[in-house]
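2 protein chains.
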Amino acid sequence: MTAPLRIAIAGLGTVGAAVADILSSRRELIAARCGRAVDIVAVSARDRNRDRGVDLSAVDWFDDAGVMATAADADVVLELIGGEDGIAKAVCENAIAAGRHVVTANKALLAMHGLALAVKAEAAAVGLGYEASVAGGIPVIKALREGFVGNRVSSIHGILNGTCNYILTTMRETGRAFDDVLAEAQALGYAEADPTFDIDGIDAAHKLALLASVAFGCEVDFAGVHVEGIRHISADDIAFAEELGYRIKLLGIANETPDGIEQRVHPCMVPMDAPLAHVEGVFNAVVADGDAVGTSVLQGRGAGAGPTASAVISDIADIARGAILPVFSVPASQLSKPARVSIENRRGPYYVRLTVLDRPGVIADVSAALRDEEVSVEALLQRGRSAEGSVPVVLTLHETGEAAMQRALTRIAALDTVVETPCMIRIEHL
Amino acid sequence: MTAPLRIAIAGLGTVGAAVADILSSRRELIAARCGRAVDIVAVSARDRNRDRGVDLSAVDWFDDAGVMATAADADVVLELIGGEDGIAKAVCENAIAAGRHVVTANKALLAMHGLALAVKAEAAAVGLGYEASVAGGIPVIKALREGFVGNRVSSIHGILNGTCNYILTTMRETGRAFDDVLAEAQALGYAEADPTFDIDGIDAAHKLALLASVAFGCEVDFAGVHVEGIRHISADDIAFAEELGYRIKLLGIANETPDGIEQRVHPCMVPMDAPLAHVEGVFNAVVADGDAVGTSVLQGRGAGAGPTASAVISDIADIARGAILPVFSVPASQLSKPARVSIENRRGPYYVRLTVLDRPGVIADVSAALRDEEVSVEALLQRGRSAEGSVPVVLTLHETGEAAMQRALTRIAALDTVVETPCMIRIEHL
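Chain order of the listed sequences is A and B. First residue of the first sequence? That's 1481 in my numbering, and the numbers climb one at a time after it. First residue of the second sequence? That's 1481 in my numbering, and the numbers climb one at a time after it.
Among these hints, one or two may not hold up.
One copy or two, it doesn't matter: identical chains are merged, so the pair holds either way.
[Stated by the list, open to error] Straight line, CA to CA, 25 Å or less: simulated DMTMM-like cross-link-like pairs of lysine to aspartate or glutamate:
| no. | residue 1 | residue 2 |
| --- | --- | --- |
| 1 | Lys1817 | Glu1564 |
| 2 | Lys1600 | Asp1553 |
| 3 | Lys1569 | Asp1674 |
| 4 | Lys1817 | Glu1508 |
| 5 | Lys1600 | Glu1508 |
| 6 | Lys1600 | Asp1680 |
| 7 | Lys1817 | Glu1723 |
| 8 | Lys1817 | Asp1674 |
| 9 | Lys1817 | Glu1868 |
| 10 | Lys1817 | Asp1544 |
| 11 | Lys1569 | Asp1531 |
| 12 | Lys1569 | Asp1680 |
By construction, these hints were calculated from the structure, which means they are not laboratory data.
Chain A extracted, bound-state conformation:
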């Protein structure tokens, strides 16, 4: 049997501790599965004395994770610190420069610097594993890069942020407002104190940019992702969606088109019979369309210590077995650099909710604005009359172009009788 694979762990938060626990408590099983033992030899964490439920007294402790990446007597460095720059980036760069493999759960880092790190890792002939950075424990990078290796994948979409999906699910189940459910999610630990990355779609966009790169063999292009979050989704929208036969999901969608790569993250209404309509709560799911395999769906817990640790260990095991793959499916030098396809090019149906003054002629004004942009109405719903004088009006629009829809929304927002910014949600028949 080959010599043990030596692991250095940078960061002992809940994920790092879970990885250490599994590697320690399951050492023999993992050795049987990998053909060699996997041993933790070094650790860097802020608090050396905290009880993490696993005995790390025999390993080398480093105060500086960046130093550890270079100095530890390790084959693999796990970067579990987080953050798109700073120490996390230094740990990865130092480890690669010292000829060590890197495994990370850091989607922000890879979305920003993934290409540069891949170039360095491939030049150094070391692995750069990041299964844990997308969709938790779901082996989606492995499925795309290895399972679908014979395919051209033309399209990928998914529920990539568990916090948003939890909030949207809870809003639907309870009828409560966004702010209220967000506050509860923060209290329960499902949302961060600063929830911006999650609820504004940035975290999902990080993950989508990585998935698109692997699926299409193109350079990671986070800046090319059109990003919208879920702050503007109201309890009314959720209820109207249900009435219209849809569920609202924050989706990441990437398509390879003849004109380039389209990448977008925004709330969508999906039909009740779509596979993703039933992925609820903190679960994530990814749908990929391969030309040989057809449509495949992978679903599971998108975050948390256990799922993330599971994915980290999967990457470690691949390295233990000597399976070092091109980071983004083909060598970094062969990744394409495609044009960006703007959200303006989207065509599809739309949902729009307006808050209007309850007086005659409003619908005529709105209809005229839509007609002037050649946007065709499928249905119009008005429910109840308000004491305060304003009422919600909901429209669904037949398939139309995004640019025309945006122009029509600008016209509508300018009407005196429309008292709030219109809420637009794209309807996706995926």
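Please arrange chain B on chain A, whose structure you already have, making use of the hints.
Quick look at chain B alone, frame taken from chain A:
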């Protein structure tokens, strides 16, 4: 770059032709993804002159696939002939004996001889890939063996036969009878002329035995699978299931218990909110519960040339990259040999449909039989009255033991007023 990986293909049916087509038409992309080219060097098929849409004029043709496995100048032999013995087995054995890797889509062969083949392959230090044998193009073997390598998987279940799922879905959508839908499926090519393996659950049992071995690290035990098919499911059952809030699915279920391994394939009623309730038509899906990763679902096309070829190429790519894993997750010598847990040990709710004479006292007789076995009734439905004098009566039973349920069914079947064999379907809240 490493030398090309040389492939010999035994069997050029739809799957073999699809594999040859992808390897030929996508040679450069696959080389970029695998780090080396993959070339077809030999082929064995019955008809040398049939147009398969791919140019194989430059490769070595063999009349005898068994001879090719030994004599071809190949690194990998693909066994795409099928059948649990005979030439398929000889091809695999000969290839391994000659030091060649084997990739196969043959679940019947592996369910019967997988352990023996794994012992031989591991002794010869060659790979034995069989991703294509379970759930088509869904990378479920890869997910279990690599993605969940850090987990203890305690339970696995899935829709493993697309023919059965297509028939059950079509029966529900159209209200038509089993025989009628089966005949149509045969005409459309979704079911074989001899449909026994599919509709009697044997094919699903082959796959379940392989999944259980990988998930639990135990020897393949096809003979230990309790198998029931779907021939007895009527249009009435489908309609009653819908009314009760369930869908009927043929599931394979395997659990690791303190007493051993439970493996069973039979029709189940699953609640409408279960992930598998919405997997329809020819789609397959596998649900695995890992202690770190939680519940994960993988879903996709379970059969067909494209999905199967996709999985075969995934196995070839792993071999090209040098990733040779223990066949069933740990080396064959370390696989456990657990006790079989009989279906008699199942506990759960049940659905029973009886055809009874439409006369007073029948329900009293049936109720007495259930009471005598301490089986407790949850609900009883009777719909309509029949001109012929017999009517369907449907019961759902609270959680009870399988043995008691079987004894009660024997008593009920013996009643003069019960005119057909009772139809029992297990209700699974998975």
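Do the hints match the structure? See the list:
no., hint, result
1, Lys1817 with Glu1564, "within (22 Å within a copy, 48 Å between copies)"
2, Lys1600 with Asp1553, "within (20 Å within a copy, 37 Å between copies)"
3, Lys1569 with Asp1674, "within (22 Å within a copy, 60 Å between copies)"
4, Lys1817 with Glu1508, "between (44 Å within a copy, 18 Å between copies)"
5, Lys1600 with Glu1508, "between (33 Å within a copy, 23 Å between copies)"
6, Lys1600 with Asp1680, "neither (31 Å within a copy, 55 Å between copies)"
7, Lys1817 with Glu1723, "neither (43 Å within a copy, 54 Å between copies)"
8, Lys1817 with Asp1674, "neither (34 Å within a copy, 51 Å between copies)"
9, Lys1817 with Glu1868, "neither (54 Å within a copy, 73 Å between copies)"
10, Lys1817 with Asp1544, "neither (37 Å within a copy, 48 Å between copies)"
11, Lys1569 with Asp1531, "neither (27 Å within a copy, 55 Å between copies)"
12, Lys1569 with Asp1680, "within (24 Å within a copy, 56 Å between copies)"
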